[in-house]
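Go by the hints and put chain B onto chain A.
Chains A and B, in that order, give the protein sequences.
Sequential numbering of the first sequence, starting at 1392, is according to my numbering.
Sequential numbering of the second sequence, starting at 2, is according to my numbering.
Hints are computed from structural coordinates only; laboratory data are not their basis.
Be careful, since some hints might not be right.
What the hints assert, rightly or not - In the DSSO-like style, the derived pairs of lysine-lysine whose C-alpha atoms are separated by at most 30 angstroms in a straight line are:
hint	chain 1	residue 1	chain 2	residue 2
1	B	K121	A	K1633
2	A	K1614	A	K1633
3	B	K121	A	K1623
4	B	K100	A	K1571
5	B	K100	A	K1629
6	B	K93	A	K1614
7	B	K121	A	K1614
8	A	K1553	A	K1577
Since the model is a prediction, treat every value here as computed from it, not as a measurement.
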Amino acid sequence: MLNYVIRRLLIMVPTLFVISLLVYVIIDLPPGDCVTSQIDELLSRGDPDALRRADELRHLYGLDQDLLIRYFRWIGGVFRWDFGLSCQDTVPVRDLIGERLALTMVMESCTILFIWTVSFIIGVYAATHQYQLGDYVASFIGFIGLAVPNFLLALVLLYVGKVYFGLSIGGLMDPEFIDKPFSWGKFWSVAQHLVIPVIVIGTSGTAGMIRRLRANLLDELQKQYVVTGRAKGLPPLKLLIKYPLRHAINPFVADIGHLLPEVISGSVIVSVVLSLPTTGPMLLGALKTQDVNLAATFLLFVAVLTVIGMLVSDLLLAALDPRIRFGATSEK
Amino acid sequence: MSSADLRYPRQTLWADYIRAAIGTLLCGLPLLLVEVNRWVELILGAGFILFGAFFVRTALRQRTRYVLGPDTLCADGPAGSLVEWNRLDRLKLSYFSTKRDRSGGWMQLAIGSTGARTLKVDSALEGFYDIVERAAQAAETNGLELSVATRANLRSMGISVAGQEETA
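Chain A extracted, bound-state conformation:
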């Protein structure tokens, strides 16, 4: 296992390096830079010093330097938790992302827990009650979840909450806690506001997981060894948990790695719709204004989380089911 962990960790390093370089270069590719829009505004106001101001800002943000030099300065700063200056109000990226990153991680973690818990329970129920009312209801909810876009569900819930219950669903905390230090009141407020975003973002992932778990478990339940176990009088719950569920759960574990980036990218538009103070809306703004440092930092975090998610899922799979796949060749 140590050998496996070492090899996987060594693969992670160049992967992250290439991702960060590609992200940085691609964000910088379009013509212009984050100063362009600010200068256009100054020029339209007839400011005579606009061009001089542009040079000053470009020097301040390091935009007058070569792209590769800027990249290496930025990636070198990551070790010091210094991601450079953001073009938004000329503040360090570190100060901008602090609470947003923490709130995003809390929200995404809750969403993933929601997806696993709900899909596991419903998936197992649907598979063990095939072609019964519960299975049809679960399948129907699953299809609805897959078909309805997250942002539409968010809009519907916003409308229903406001019109029928008089609730303001937007945001992740009550206004009095915004920009305030951590307190139990703030914690409780965040917990209350998390429910709707978690349901909205988690619905499509849950639906997909239910379908996969149901299909995998049904495949296992129809195998000869389950029939034999049943014929020999094994208790149904023991028969389910001992082998079929353990086999069916492998693709479930393998999905951990994919789930994280899916949830994060899927939550961007939902965060805009629900006015959530997470990284999504800020990333969107940074990409639109070509704020390379800010956008690249967010995307680097997404890449790190994805790679860690993949590592965790692969380690769990290696521990749960270290079987050779037939057709695959092993080296001596």
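Relative to the frame of chain A, chain B by itself:
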């Protein structure tokens, strides 16, 4: 049956040394040369320790010779162990691969006899097949229950254990 002296090939050991060195440098150099944030320092420190442990394990492997005999498997080295086939009570054969399609991987055999330390050997070891075959025979004789993964991996090597045919 005569005894066989088995060792890890030099090529495999060098590849592991290179991996350990690259990892140690990647984690250690930023710690030495750059002013690092506390959390990043923790992550890099953990990586440094892990790669260091891998280096030590590779060195131990280099200094260990495995003697496969009719009654025992002896790991003769600094962290050696002795497996007595007639007292075998642990056998796990795992397959690892870093590729998405799980091809090009390697096997790891973990065996142990009552009261002795578990011995782990990788498929890179010379004579790995002979060890697995002998361990499977011992498992069959001792009536040891094997996991589904172990049985599948044994089958992929063309080794079957009577009374433990795959049912899944």
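Results for each hint:
Simply put, B:K121 and A:K1633 have alpha-carbon atoms about 27 angstroms apart, close enough for the 30 angstroms limit, and the pair holds. For the suggested pair A:K1614 and A:K1633, the alpha carbons sit about 14 angstroms apart, so the restraint of at most 30 angstroms is met. Only pairs whose Cα atoms come within 30 angstroms are accepted, and B:K121 paired with A:K1623 is rejected, the gap being roughly 37 angstroms. A threshold of 30 angstroms between alpha carbons decides the hint, and for B:K100 with A:K1571 the separation of about 46 angstroms lies outside it, so the pair is violated.
Among the hinted pairs, B:K100 with A:K1629 is inconsistent with the structure: their alpha-carbon atoms are about 34 angstroms apart, more than 30 angstroms. Restraint check for B:K93 and A:K1614: the C-alpha separation of about 25 angstroms stays at or below 30 angstroms, so the hint holds. A hinted pair counts as satisfied when its Cα atoms are at most 30 angstroms apart, and B:K121 with A:K1614 does not qualify at roughly 33 angstroms. The straight-line distance between the Cα atoms of A:K1553 and A:K1577 is roughly 22 angstroms, inside the 30 angstroms bound, and the hint therefore holds.
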